[in-house]
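Produce the complete structure using the sequences and hints provided.
Number of protein chains: 2
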Amino acid sequence: MKIFIVCAHPEPKSFNHAMANLAVEVLGERGHEVRVSDLYAMGFNPVGGRWEFKTLPDLDYFEYMSAQGFAARRGEITADVAAEHEKLLWCDLLILQFPMWWFGMPAILKGWVDRVMSNGTAYSGEMSYETGGFRGRRASVSMTTSVASGYYEVGGRGGYMAHLLWPINNGTLRYCGFDVLPFFVADGIGDVDEETHRRYLEDYRAHLIGLETAEPFFFHMAEDYDDELRLKPGVTAQTEMQNPELLLKKASGA
Amino acid sequence: MKIFIVCAHPEPKSFNHAMANLAVEVLGERGHEVRVSDLYAMGFNPVGGRWEFKTLPDLDYFEYMSAQGFAARRGEITADVAAEHEKLLWCDLLILQFPMWWFGMPAILKGWVDRVMSNGTAYSGEMSYETGGFRGRRASVSMTTSVASGYYEVGGRGGYMAHLLWPINNGTLRYCGFDVLPFFVADGIGDVDEETHRRYLEDYRAHLIGLETAEPFFFHMAEDYDDELRLKPGVTAQTEMQNPELLLKKASGA
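So the sequences go chain by chain: A and B. All residue numbers for the first sequence refer to our numbering, where the first residue is 759 and numbers rise by one. All residue numbers for the second sequence refer to our numbering, where the first residue is 759 and numbers rise by one.
Once the Cα atoms are required to be at most 27 Å apart in a straight line, the calculated DSSO-like pairs of lysine-lysine come out as:
| id | chain 1 | residue 1 | chain 2 | residue 2 |
| --- | --- | --- | --- | --- |
| 1 | B | K1008 | A | K990 |
| 2 | B | K1008 | A | K1007 |
| 3 | A | K1008 | B | K990 |
| 4 | B | K1007 | A | K1007 |
| 5 | B | K1007 | A | K1008 |
Stretches of chain A that chain B covers, calculated by requiring three or more beta carbons in the stretch to come under 8 Å of a beta carbon on chain B:
| id | stretch |
| --- | --- |
| 6 | 855-863 |
| 7 | 987-998 |
Simulated from the structure, these hints should not be mistaken for lab results. Bear in mind the structure is a predicted one, so any value in this text is a computation, not a measurement. We put the beta carbon where it would ideally sit given N, CA and C, even for glycine.
Next comes the structure, spelled out in structure tokens:
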């Protein structure tokens, strides 16, 4: 396999970097090729905007998706984004490695998504979800949090982790065509002891090896939706996010 | 009232700016004071990191929350963040105005949150949720999306809008002490006609006036949670996010 890791943490000695380094080591040992984009080290600019484009479809009104699609058609995608596209189109598996900040990605990674998951390459009017630009590839989230795991249950104060990751898993990765694999979360990373750090890394090693054969999450396909993009009346929702009864089972421990 | 609008869109002629401009006009007419941070116009740097800090609690290991807390205690918060703190501490009502990009905030606004909602000012070990740094203030999300509203229902392909906004409403605004008011969403903004734009702005005008007296969303208080931050066994979850039965009712239109 060819594996592309995008890492977004400002401290090279961080646990996030330890996870990324472990992935390079473990996956390399198993004969996979691995490339890494370390966004802080690269000084990646996350602010999507007019500065990225030589020309625009409408010079008087900047509309980001149109500008991206226009640049893609003209082969004028800015160099830093084109380099990320090359890695995405090269890889079989994408790993997003980041600390959960404010229940989502740090801005540098959110802006990598805004800029790199671009119209004309990652998706278009004709390419989304199962027909997205990166279809046939797999992706997985690897994350640290700063709170213990009870916080991220259905009745937790932070909210259910799979809800918190749905915008990334369904709305971003799946939207761009990836098959989405199980995520790995190391909770309360600033508060746990060295022994727990070691255990997390052991668990992560097993998780990484498991990604070779992991089953992707189920998502409904276009045919299950009506013209307004709601599940058709005859279709029973099979994701926890779209079916509160599945959540109820989860909440009751069934 | 004193109202602080944070607007995050790269095009000054955008519908997001039209909404922000309307808010300035309507709220001004009603005798309120309004200030605006237009993040693209300000060139706000959203990348939280070491560059923000003159000194660090540990020069060998950059940990963002500790660095923020240390700077706050020493009165050494970087000028652009301190300016935003001043506006947040001045205001009675915060409005976040942005286009939903990838089911969340554009990176420039996500990074405004990462940097400005900082440890020592917005929250701390002793200040969070109902005791958060901005307690006593109110906040509301104003947003555009690029898809029609069916997409954002419980059985919609994008996922239920209140789920998508929970990381902002509960995880960010409430965490920092705000009372969170109803949100306003203008869906499918690139696809709808001029007449719909006009209707959205009329609806938004009524929404803005309604914010003067709107009831905040309910959130459970600290006393409802156990030591692991799960709702206590005797407490019935009263938010849709934490109680799938409420979602089931919503999904069935009850």
